[in-house]
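Based on the provided sequences and hints, a complete structural model is requested.
Sequence lines, in order, name chains A and B.
Be aware that the first sequence starts at 165, since it is given in the working numbering, and climbs by one per residue.
Be aware that the second sequence starts at 46, since it is given in the working numbering, and climbs by one per residue.
Hints listed in this document are in silico derivations from the structure and should not be mistaken for laboratory results.
Backbone N, C-alpha and C fix where the C-beta goes; we use that ideal spot for every residue, glycine too.
Honestly, I wouldn't trust all of these hints.
To be clear about the criterion: a stretch of chain B counts as covered by chain A if any three or more of its residues have a C-beta under 8 Å from a C-beta of chain A, and this derived list gives those stretches [stated by the list, open to error]:
no., region
1, 107-118
2, 128-139
For lysine-lysine, the following BS3-like pairs were computed, each having C-alpha atoms within a straight-line distance of at most 30 Å [as the list claims (entries may be wrong)]:
no., chain 1, residue 1, chain 2, residue 2
3, B, K63, B, K102
4, A, K272, B, K102
5, B, K56, A, K272
6, B, K110, B, K56
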Amino acid sequence: GDSVTQTEGQVALSEEDFLTIHCNYSASGYPALFWYVQYPGEGPQFLFRASRDKEKGSSRGFEATYDKGTTSFHLRKASVQESDSAVYYCALGDYYNQGKLIFGQGTKLSIKP
Amino acid sequence: EAAVTQSPRNKVAVTGGKVTLSCNQTNNHNNMYWYRQDTGHGLRLIHYSYGAGSTEKGDIPDGYKASRPSQENFSLILELATPSQTSVYFCASGEGDSQNTLYFGAGTRLSVL
Chain A
165 GDSVTQTEGQ
175 VALSEEDFLT
185 IHCNYSASGY
195 PALFWYVQYP
205 GEGPQFLFRA
215 SRDKEKGSSR
225 GFEATYDKGT
235 TSFHLRKASV
245 QESDSAVYYC
255 ALGDYYNQGK
265 LIFGQGTKLS
275 IKP
Chain B
46 EAAVTQSPRN
56 KVAVTGGKVT
66 LSCNQTNNHN
76 NMYWYRQDTG
86 HGLRLIHYSY
96 GAGSTEKGDI
106 PDGYKASRPS
116 QENFSLILEL
126 ATPSQTSVYF
136 CASGEGDSQN
146 TLYFGAGTRL
156 SVL
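In structure tokens:
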């Protein structure tokens, strides 16, 4: 079945560092890809999506490019802030069952001031 | 503002007891979902619904039932709770279209002793 793999379980950075969180997927069809962010005590929030090969999604300084060739959708940010500390989830839309999302394991990002 | 509201926010249950988790959405979305969140597993889909009166099994439905009596309400029922069902549960709503964007509640932390 379809799946999403996030390589890093935890990432620790200092403010103004560059961020990369790796996301790879395995899917039949042509799924949409998503990033969600979850702050402590809250539910996950939609960050952005990309629906086709080479499309870039972005929001709040974060961005990721849909790469069908490498089946990846890596999250990047040029300069992180302490307020970016959260758990980040990569997800894919079930191509055959619109509305369902399959999530990766999540990456906890901690930013030191 | 449109919202997804879960109740209770915290619940302690005894093994073998019945637990009902409730979810209400004001997004007027057709689809609703129940996920559980566990460290190392991310978010996993338990049950979902396409509209009032409909429930569908997700990826990990064993030990859970769901009920969708109206467009706004979606419940998750544990008839015989077990300690392995200790987790954080999230309800979400979505339009069920190809955009797949989900809107989550704040979660219910369930402990089964």
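Hints, one by one, checked against the model:
1. 107-118: violated (count 0)
2. 128-139: holds (count 3)
3. B:K63 with B:K102: holds, 20 Å
4. A:K272 with B:K102: holds, 29 Å
5. B:K56 with A:K272: With Cα atoms ~25 Å apart, B:K56 and A:K272 stay inside 30 Å; holds.
6. B:K110 with B:K56: Holds. B:K110 to B:K56 sits at ~18 Å (cutoff 30 Å).
Against the hints set out earlier in the document, a violation occurs for number 1 only.
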